[in-house]
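Q: Chain residues, written in single-letter form:
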Amino acid sequence: MFDGHGQLVESAAMDRDEALSRFQTAVADVLETEPGTITLDKRWAEDLDADSLAIVECTLALNDEFGITIPDIEPDDVGTVADAFDIVMGLL
Amino acid sequence: MAFDRRVVVTGMGVVSPVGTGTRQAWEALVEGRSGIGPLTLFDATDYAVRIAGQVDGFDPAAVFGRRRAKHLDRFAQFGLVAAAEAVEHSHLDMAAEDAHRVGVVFASGIGGMGTFEREVRVLVERGPEWVNPYFCPMMIPNMAAGEIAMAIGAKGHNSCTVTACAASAHALGEGYDTIRLGRADAMVCGGAEAGLVPIGIAGFAAMKALSTRNDEPQRASRPFDAGRDGFVAAEGAACLVLEELGHALARGATVLAELVGFGSSCDAHHQTAPHPEGEGAIACMRGALHEAGIAASEVGYVNAHGTSTPPNDRVETLAVKAVLGDGVPMSSTKSMTGHLLGAAGAFEAFVCVQVLNQGVLPPTINLDDPDPECDLDYVPHVARQADVEVAMTNSFGFGGHNATLVFRRP
Numbered sequence: 001m002f003d004g005h006g007q008l009v010e011s012a013a014m015d016r017d018e019a020l021s022r023f024q025t026a027v028a029d030v031l032e033t034e035p036g037t038i039t040l041d042k043r044w045a046e047d048l049d050a051d052s053l054a055i056v057e058c059t060l061a062l063n064d065e066f067g068i069t070i071p072d073i074e075p076d077d078v079g080t081v082a083d084a085f086d087i088v089m090g091l092l
Numbered sequence: 001m002a003f004d005r006r007v008v009v010t011g012m013g014v015v016s017p018v019g020t021g022t023r024q025a026w027e028a029l030v031e032g033r034s035g036i037g038p039l040t041l042f043d044a045t046d047y048a049v050r051i052a053g054q055v056d057g058f059d060p061a062a063v064f065g066r067r068r069a070k071h072l073d074r075f076a077q078f079g080l081v082a083a084a085e086a087v088e089h090s091h092l093d094m095a096a097e098d099a100h101r102v103g104v105v106f107a108s109g110i111g112g113m114g115t116f117e118r119e120v121r122v123l124v125e126r127g128p129e130w131v132n133p134y135f136c137p138m139m140i141p142n143m144a145a146g147e148i149a150m151a152i153g154a155k156g157h158n159s160c161t162v163t164a165c166a167a168s169a170h171a172l173g174e175g176y177d178t179i180r181l182g183r184a185d186a187m188v189c190g191g192a193e194a195g196l197v198p199i200g201i202a203g204f205a206a207m208k209a210l211s212t213r214n215d216e217p218q219r220a221s222r223p224f225d226a227g228r229d230g231f232v233a234a235e236g237a238a239c240l241v242l243e244e245l246g247h248a249l250a251r252g253a254t255v256l257a258e259l260v261g262f263g264s265s266c267d268a269h270h271q272t273a274p275h276p277e278g279e280g281a282i283a284c285m286r287g288a289l290h291e292a293g294i295a296a297s298e299v300g301y302v303n304a305h306g307t308s309t310p311p312n313d314r315v316e317t318l319a320v321k322a323v324l325g326d327g328v329p330m331s332s333t334k335s336m337t338g339h340l341l342g343a344a345g346a347f348e349a350f351v352c353v354q355v356l357n358q359g360v361l362p363p364t365i366n367l368d369d370p371d372p373e374c375d376l377d378y379v380p381h382v383a384r385q386a387d388v389e390v391a392m393t394n395s396f397g398f399g400g401h402n403a404t405l406v407f408r409r410p
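Chains as they are written, first to last, in my numbering: chain A, 1 to 92; chain F, 1 to 410.
Worth flagging that the hints you see were computed from the coordinates, not collected in a lab.
Only a predicted model underlies this, so the values are computations on that prediction, with no experimental measurement involved.
Be careful, since some hints might not be right.
[To be verified] Restricting the straight-line Cα-Cα distance to at most 35 Å, the calculated cross-link-like pairs of lysine-lysine (DSBU-like) are:
{"no.": "1", "chain 1": "A", "residue 1": "Lys42", "chain 2": "F", "residue 2": "Lys155"}
{"no.": "2", "chain 1": "F", "residue 1": "Lys70", "chain 2": "A", "residue 2": "Lys42"}
{"no.": "3", "chain 1": "F", "residue 1": "Lys70", "chain 2": "F", "residue 2": "Lys155"}
{"no.": "4", "chain 1": "F", "residue 1": "Lys208", "chain 2": "F", "residue 2": "Lys70"}
{"no.": "5", "chain 1": "F", "residue 1": "Lys321", "chain 2": "F", "residue 2": "Lys155"}
[Stated by the list, open to error] Partner residues are not named here, just some residues of chain F that face chain A (Cβ under 8 Å, in silico):
{"no.": "6", "residue": "Ala62"}
{"no.": "7", "residue": "Arg66"}
{"no.": "8", "residue": "Arg67"}
{"no.": "9", "residue": "Lys70"}
{"no.": "10", "residue": "Trp130"}
{"no.": "11", "residue": "Phe204"}
{"no.": "12", "residue": "Gln358"}
[Claimed, not checked] Estimated spans, in silico, between C-beta atoms of each pair:
{"no.": "13", "chain 1": "A", "residue 1": "Thr69", "chain 2": "F", "residue 2": "Gly57", "range": "34 to 44 Å"}
{"no.": "14", "chain 1": "A", "residue 1": "Ser52", "chain 2": "F", "residue 2": "Gln358", "range": "43 to 53 Å"}
{"no.": "15", "chain 1": "F", "residue 1": "Ala99", "chain 2": "A", "residue 2": "Pro71", "range": "33 to 43 Å"}
{"no.": "16", "chain 1": "A", "residue 1": "Arg22", "chain 2": "F", "residue 2": "Glu129", "range": "37 to 47 Å"}
{"no.": "17", "chain 1": "A", "residue 1": "Thr69", "chain 2": "F", "residue 2": "Asp43", "range": "55 to 65 Å"}
{"no.": "18", "chain 1": "F", "residue 1": "Gln271", "chain 2": "A", "residue 2": "Gly90", "range": "53 to 63 Å"}
{"no.": "19", "chain 1": "F", "residue 1": "Asp4", "chain 2": "A", "residue 2": "Ile73", "range": "55 to 65 Å"}
{"no.": "20", "chain 1": "A", "residue 1": "Glu34", "chain 2": "F", "residue 2": "Glu117", "range": "25 to 35 Å"}
{"no.": "21", "chain 1": "A", "residue 1": "Ser52", "chain 2": "F", "residue 2": "Glu88", "range": "25 to 35 Å"}
The C-beta atom is built at its ideal place from N, Cα and C for all residues, glycine as well.
Construct the entire structure; sequences and hints are all you get.
A: Written out as structure tokens, the structure reads:
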């Protein structure tokens with residue numbers, strides 16, 4: 001990320017690992033599980049037992065955590081945790 | 001049309017301020033123990049009413065797991081626990097039943113009021129996009145009925161009666177009718193309420209319907225007493241398994257009682273005040289007795305609606321005297337439990353079934369100075385041994401809804 005003078009501003013860029021950690025904690029809080037279980041390969045429905053309402057609930061928690069607005073998404077478009085994490089990273 | 005299918009009770013379960021589980025609750029009632037205490041579910045410091053009948057020590061995460069508990073309003077949690085006890089008690093084996101012949105009618109006067117209040121706060125404070133996606137399913141009053149059906153796999157008739165403080169008496173009535181009509185062989189019926197939240201207490205307090213005897217919580221619910229000053233709001237759930245007699249006998253179930261009559265009427269008079277001469281209540285009791293084919297003289301115990309509000313107790317006394325005369329013992333267990341609102345009718349049906357089986361009438365506690373207009377035998381202060389063949393319970397709700405259930409010893 002650059003400031004108005006073209007200078008790289010390191011402190012404003014969110015580290016991917018830090019973002020993932022915060023993502024995992026927010027989602028784990030919604031799903032009442034441990035953050036370590038929210039790995040990128042997990043499938044929402046099959047592995048995390050998250051139906052469409054649970055996915056919406058996670059979206060709200062992520063909006064809150066990152067100060068973003070995730071657009072309306074179809075559950076089919078976010079089959080895995082990685083799919084959702086990519087959407088979040090794209091908004092940061 | 002001949003209604004020759006008989007309906008019996010084969011299981012019961014309760015969650016209440018005097019105990020969770022039928023054994024614990026019944027012991028408390030017989031001992032005359034009050035379940036009323038300071039209202040601690042939220043900070044009630046600024047409220048005119050600071051007492052309630054709470055279900056203390058209830059740990060939903062331990063019962064349902066944290067994630068599932070989070071998506072069930074407290075009223076549905078209570079309903080599921082009461083239904084689980086009742087079904088287990090009945091030994092109804094769903095694996096052996098035709099699931100489409102087993103149904104649920106589970107009432108609530110209000111539904112998920114705590115959820116409603118929480119999400120309205122979110123709406124106002126943060127905006128519409130932050131409202132929880134589980135808000136609607138958690139809040140709707142019929143969700144206990146839906147959850148119980150899911151929990152036990154009951155695929156037959158399923159609904160929810162919402163008639164305020166008569167709601168779960170109507171649920172039992174509807175379950176009874178469903179079996180009599182031949183639409184089901186077993187019905188899991190009852191009601192649940194969890195309205196001890198700020199807006200609920202503030203609302204009832206605004207009506208001046210609640211006792212403000214904040215310094216003496218256990219003496220606050222005093223039905224038929226001259227010093228009564230309103231009801232004490234309470235929470236909980238109660239469930240009865242109703243079953244067609246032949247179906248129960250064929251599977252070797254223990255028959256606890258027969259539900260022989262259901263009366264239902266409306267005062268069509270006022271939003272909240274009873275008809276001054278008890279017209280609706282009288283018609284309701286008479287209807288139930290007529291259906292049961294039972295003479296007024298055969299009724300050996302009445303569990304009163306007995307809320308501890310000045311108008312209810314006076315008019316109910318008038319009405320009972322008009323129908324049953326002045327010799328029948330009638331107690332109000334709300335003196336101990338407070339008013340379970342939409343769960344009250346089913347809880348008090350449980351009391352009637354226990355009376356028939358245990359031969360003990362639970363008392364009306366706190367009846368220190370009877371209102372001169374309340375001159376029946378209310379079984380004051382202490383329980384009494386009595387051999388009862390037929391027991392009746394009355395439930396009256398805002399909206400003028402009346403329901404009476406009559407049970408007979410098997």
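Q: All the hints need checking, so say for each whether the structure fits it.
A: Evaluation of the provided hints:
A C-alpha spacing of about 33 Å is found between Lys42/A and Lys155/F, which places the hinted pair at or below 35 Å, so the restraint holds. A threshold of 35 Å between alpha carbons decides the hint, and for Lys70/F with Lys42/A the separation of about 22 Å falls inside it, so the pair holds. Between Lys70/F and Lys155/F the alpha-carbon distance is near 25 Å, which keeps this suggested pair within the 35 Å criterion. Taking the CA atoms of Lys208/F and Lys70/F, the gap is near 33 Å; set against the 35 Å cutoff, the hint holds.
Among the hinted pairs, Lys321/F with Lys155/F is inconsistent with the structure: their alpha-carbon atoms are about 42 Å apart, more than 35 Å. At about 13 Å, the closest approach between the beta carbon of Ala62/F and any beta carbon in chain A exceeds 8 Å, and the interface hint on this residue is violated. Given the 8 Å rule on beta carbons, the hint for Arg66/F holds: about 4 Å separates it from the nearest Cβ of chain A. With 8 Å as the threshold, the beta carbon of Arg67/F comes within range of chain A, its nearest partner Cβ sitting at about 4 Å, so the hint holds.
Taken as an interface hint, Lys70/F checks out: its beta carbon lies about 7 Å from the nearest beta carbon of chain A, inside 8 Å. Given the 8 Å rule on beta carbons, the hint for Trp130/F holds: about 6 Å separates it from the nearest Cβ of chain A. Given hint, Phe204/F at the interface with chain A, is violated; its Cβ is 32 Å from that chain's nearest Cβ, farther than 8 Å. A hinted interface residue such as Gln358/F counts as satisfied when its beta carbon comes closer than 8 Å to some beta carbon of chain A; here the least separation is about 42 Å, so the hint is violated.
Range check, Thr69/A to Gly57/F: Cβ separation about 42 Å, and the 34 to 44 Å hint holds. For Ser52/A and Gln358/F, the Cβ-Cβ distance of about 49 Å falls inside the hinted range of 43 to 53 Å, so the restraint holds. For Ala99/F and Pro71/A, the Cβ-Cβ distance of about 41 Å falls inside the hinted range of 33 to 43 Å, so the restraint holds. At roughly 20 Å, the beta carbons of Arg22/A and Glu129/F sit outside the given window of 37 to 47 Å.
For Thr69/A paired with Asp43/F, a C-beta distance near 34 Å fails the hint of 55 to 65 Å. Distance hint check: the CB atoms of Gln271/F and Gly90/A are about 55 Å apart, consistent with the given range 53 to 63 Å. At roughly 58 Å, the beta-carbon separation of Asp4/F and Ile73/A lies within the given 55 to 65 Å, and the hint holds. Range check, Glu34/A to Glu117/F: Cβ separation about 31 Å, and the 25 to 35 Å hint holds.
Roughly 33 Å separates the CB atoms of Ser52/A and Glu88/F, a value that falls within the hinted 25 to 35 Å.
Checked against the numbered hints given earlier, the structure breaks hints 5, 6, 11, 12, 16, 17 and satisfies all the rest.
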